[in-house]
Amino acid sequence: MNRFEYVRAGTVAEAVQALAADPNAKFIAGGTNLLDLMKYNVERPGRLVDITRLPLDRIEERDGALRIGALVTNANVAYDARVRAKAPLLANAILAGASAQLRNAASTGGNLLQRTRCYYFYDEATPCNKRVPGSGCPAIGGVNRIHAIFGTSEHCIATHPSDMCVALAALEATVQVSGPQGERSIAFADFHRLPGDTPEIDTDLTPGEIVVSVDVPTTDYGTHYTYLKLRDRLSYAFALVSVAAALELDGATIRSARLALGGVAHKPWRNREAEALLQGKPATRESFQAAADLIVGEAKPQSANGFKVELARRAIVRGLEQAAAGTPQSLTDKRIA
Amino acid sequence: MLIESGSPVPADTKVGISLTINGEARALQVAPWTTLLDLLREQLDLTGTKKGCDHGQCGACTMLVNGTRVNACLTLAVMRDGAEITTVEGLARLANPGGGSNGLHPIQEAFIEHDAFQCGYCTSGQLCSSVGMMNEGHAHSRDEIREAMSGNLCRCGAYTNIVDAIEDVMQPGATQGAAR
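Chains A and B, in that order, are what the protein sequence lines are.
Start counting the first sequence at 1; every next residue gets the next number (the UniProt record's numbering).
Start counting the second sequence at 1; every next residue gets the next number (the UniProt record's numbering).
So that you can see chain A by itself, here it is in the shape it has in the complex (with noise of 0.2 Å):
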C-alpha cells in the first residue's frame, strides 16, 4: 500500500473541502473495496478522507421514500425493519451479495462507487482502459466470461459488480450528493454510465462531489418481488447474471413491470421497452418469455461469454415467474424454485 496523507472529516463540508485540496485525494468510508485495490497499486491515493464520523449513517422515513444516509452499513440496510417492509427487493439483494464480515463493513456510498472486478482492471501488469485510459483493453478476445454483453464499447467491456445498485436501478432510487458547487440529486438511470470511449470514468459525478444519501421510493412493489442472482458457487461470489424483478397486478393482469440486470453490463442494466411490453399483459410464462427475448436480443456476447445471453433469456423468465407468484429466490435455499 502507497503512503499517503490522512485526514479525518468532521463535516460534509469539511470532507467536501479536504478532498478538493488535493486532485489525488480519495474519500474512504468502509474501505473494503479501496484498500482491496490499493494493496494491488490499482488506487493510489495520496490523501485519505476519512468520512467514517460524518453524520450520515441514519435511515429515515420521509414523504413517500426512505432516505438511506451514505455511511448506513450495507447489513444496517438489510436488516432494518422499515426496509425489509417497504423494500424488501433492496433488502434481499443486499443479502445476495458478499459475505456478512463485508456488508458489516461496507457503506452505502461504497456500494455504490466500487469498482469492477474485471481481472485485468485489477492487474497492474495488463494493459486496462478503466486502469489506464488509452492502453486497451486484453478482456476483448481475452478471458472474458465474467465480462459485459449489454452497452460494451471498442475500450472496456468491464461490468458494474453491485447486488444492492440492480435493485436500487429497479425501485428507480435518487442519489443525493453534495460539492463545492452545492447539492443535487441524480436519477439512479443516470448514476453509473456506459464505458464508452471514457471508461475511467464509472459514475456522473464530478470531481470532489461525495455521495449524501440515496433516496429510494416505498413502493407497490413490496409483494411481488425477486432477486434472482446466478454465479459460479451458492455464496459468496459475484453475479454471472442477475435478475431484479418486480410488479404490480391487476388480479392475473400487470400493471406494471420493473427489471433490471447484473453482471451483464457497465451498470444495472434496463431496457424500458421490455417493461413497457409487460404492462397489460397477463402475467403468463409467454409474456416473460417476449420480455426477455426483445431484451436479450439486443445482446453482443464476447469471445467467452456466450452462455450469458442464454443465462440470462433464463433467468429474466424465471425471475418474472417468482415475482407474479410472490415468492422471491430464498436467501437460504439456492435451489432455483
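If you are wondering where the hints come from, they were derived from the structure by calculation, not from laboratory data.
Among the hints, erroneous ones may be present.
Sample of chain A residues facing chain B (criterion: CB under 8 Å; computed from the structure) [said to hold, decoys possible]:
1. E5
2. Y79
3. D80
4. R82
5. A100
6. Q101
7. D333
Using 27 Å as the maximum straight-line C-alpha spacing, the simulated DSSO-like pairs for lysine-lysine come out as follows [what the hints assert, rightly or not]:
8. A/K86 - A/K281
9. B/K14 - A/K26
10. B/K51 - A/K39
11. B/K14 - A/K86
Computed footprint of chain A on chain B; a stretch qualifies when at least three of its residues, placed anywhere within it, have a C-beta under 8 Å from a C-beta of chain A [as the list claims (entries may be wrong)]:
12. 108-119
13. 140-149
Where is the CB? At the ideal position from N, CA and C, for every residue including glycine.
Fit chain B to the supplied structure of chain A, relying on the hints for placement.
Same frame as chain A, but now just chain B:
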C-alpha cells in the same frame, strides 16, 4: 501526533489512537496505512488472528469490532480509533468477564468437541465469525448458518463440523451424536 478534524496528517507521520483490545485500553502510535490486522499481529504480538488472503476473500482475519465481525485486513487501524476489539485471544474473557482467560468460550469448546478444524489456520476467524453471527441473531437453521458463515473459507473442508459446533452452542444438544 493527534488527529484533529479537517487537518491533514502528513504521510510518514504516526498518529495517536486509542483502542480497547480484549478488555485492555491501549494508547497506540500507528502509521495511517496500517491495517487493523497488521497492527495487532506486527506491533502488538497478537498473532492468534491469521492473515490468509489479505484481500477480504478468506475470512481468516475476522475479529469483532464493537461486537461486530469484520475483516481486519480491510480496515485501517486509524479509522477504528476509540473502538473495542475482540480477537480470538479475548473470546474466553468475553464469555466469562472478570473470570480471567483460563477457560474457553463455549464456541471454542464446541469446536473441540465437534472436531471442527484440521490444520487450524482458519479457526480463529471461524470462531470470531461464529460469535459475531450469534450476536447478529439472523441465522437460526443449518442453511442460514451455512450462508451466514460463507465469508469464512476452510480449505481442509471442516464445514460440516463447524456448523455442528455452532448449532450446538445456539441450541445445546442439537447435533450431539450427529457429529460422532
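Check your understanding: Which hint numbers doesn't this structure obey?
Key -> 3, 4, 11, 12
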